[in-house]
Structure formats: C-alpha cells, structure tokens
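**Student:** As you go down the protein sequences, you meet chains V and W in turn. Each residue of the first sequence is one higher than the one before, counting from 1 in my numbering. Each residue of the second sequence is one higher than the one before, counting from 1001 in my numbering.
All the given hints hold, so there is nothing to weed out.
Output of the computed footprint for chain W on chain V, the stretches with three or more beta carbons under 8 Å from beta carbons of chain W: (1) 50-59; (2) 103-109.
Far from chain W, some chain V residues (derived; all Cβ distances over 12 Å): (3) Q17; (4) S27; (5) D63; (6) K83; (7) V114.
Under the rule of at most 27 Å between Cα atoms (straight-line distance), these lysine-lysine pairs were calculated in the BS3-like manner: (8) V:K101 with W:K1056; (9) V:K42 with V:K78; (10) V:K78 with V:K57; (11) W:K1070 with W:K1056; (12) W:K1070 with V:K42; (13) V:K42 with V:K101; (14) W:K1026 with W:K1070; (15) W:K1026 with W:K1056; (16) W:K1026 with W:K1069; (17) W:K1026 with V:K57; (18) V:K57 with V:K42; (19) V:K42 with W:K1026; (20) V:K83 with V:K42; (21) W:K1069 with V:K101; (22) W:K1070 with V:K57; (23) W:K1070 with V:K101; (24) V:K57 with V:K83; (25) V:K42 with W:K1069; (26) W:K1026 with V:K101; (27) V:K42 with W:K1056.
Keep in mind the hints are simulated off the structure, nothing from the lab. Every residue gets a Cβ at the ideal spot worked out from N, C-alpha and C, and that includes glycine.
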Amino acid sequence: EPEVTQTPSHQVTQMGQEVILRCVPISNHLYFYWYRQILGQKVEFLVSFYNNEISEKSEIFDDQFSVERPDGSNFTLKIRSTKLEDSAMYFCASRRRTRDKDTQYFGPGTRLTVL
Amino acid sequence: SQQGEEDPQALSIQEGENATMNCSYKTSINNLQWYRQNSGRGLVHLILIRSNEREKHSGRLRVTLDTSKKSSSLLITASRAADTASYFCATANAGGTSYGKLTFGQGTILTVHP
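Based on the provided sequences and hints, a complete structural model is requested.
**Tutor:** This is the structure:
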C-alpha cells in the first residue's frame, strides 16, 4: 500500500540555523499538509497546500516557515531561523479526496531538535 | 474545552476487555477521524466517519457519532496488549473554506495489560 515518507527521521540543529524537512506524499494525492507535535502535547495543524499554493495556515506558521512543492513528488517545509520552541515532531500528510475517501495519511514524522 | 477533546485521558485495562474512548468537539464538522500513535511514532489512520453517518465498524473497532451532542466514541473490542498506544480523534470542519485541515484532541493513552 502506498505510504507517505519523510526524511530525515531525526534532525538536530543549532538555534538560528535553517532546516528543510522533506516529504514524499502518496502519488495521486492532491492535498498536502504539515502538522507538528511538541513532546507530550497534541498534534497541531501548520499549513495546507493545494493546487501549488498555500490554502490555509495557522498562527504558528509565521514568516519563518515556508512550504514548497519543487517537483511532482516532493513537498518540503523550511524553517528559516530555528528557535528552541520549534523542537517538535513534524508530520507531513496527504489526501486525495474522492466521493468515497477523504482520509489524511500521515508520514512517520521528522523529530526536530533545536539546541 | 477545545475542539476534539478526548476522555478519559488515560485508560488501563486487561487483555480481552473492551476499551471505550470518547471525543467531544465544538464546531460543525464534515467528518471525524480516529488515529492511533505508538510512543514516539507516526499517526496511523484507523477509521473515518462522516457527519451524516451514525456508526461505523472496522474489524474490532466501532465508532459512533452523535452530531446533536457533538461527540464520538471509539470502542475497541477484545483488546490486546498490542493495542497499547495513544488514540486521537481529529475533526475536519464543515464549510467551503476548509481544505481538510484536521483539529486534533489531546488523546487517550490506552494501556492493555497482558
């Protein structure tokens, strides 16, 4: 069964550095998402992406964050200047949305640690 | 309480028993989905129930939805030690501007003792 994949599984970075988290959504899906989960807390929506543009974003998704779909397969989340509070598990998800299916499928996550 | 609140926060049962988790939400929804997360791992989709459905089954899982009370329940029958995980409900809001954003609850930590 097709899966969403994410790389790297764990990223350690210094405060102020830029990081790029990568995702390969399921190939025939059209909607793409990033969520994050701070340790011990609930999963929070960051951004949705459809038709090559951001369709919705949360207050967390400020100017330090950006998303891109540089080719037909990858979907990336960039954090320009990381802060300690950006340390979290970041999940990518994709969705196709048909008459019968509306499920979001999540990747295994990237654990980001900002030192 | 916030959108997608589960209770109980933690549930501890013996293998073979049934586990019931509840979820409440505040806004009108398009659908409600249940996910499972093993410690430190990704989210695994379990089941989706649409706003016009009242009950759905998948294997040992049974989900109910009461839109008048804005609540849902997840029942796992004949639980196994391997069911030990955190369980989250997530709602997709109704409305034309929604592109399927999910709002998650705090989750229920289920522990099944062998």
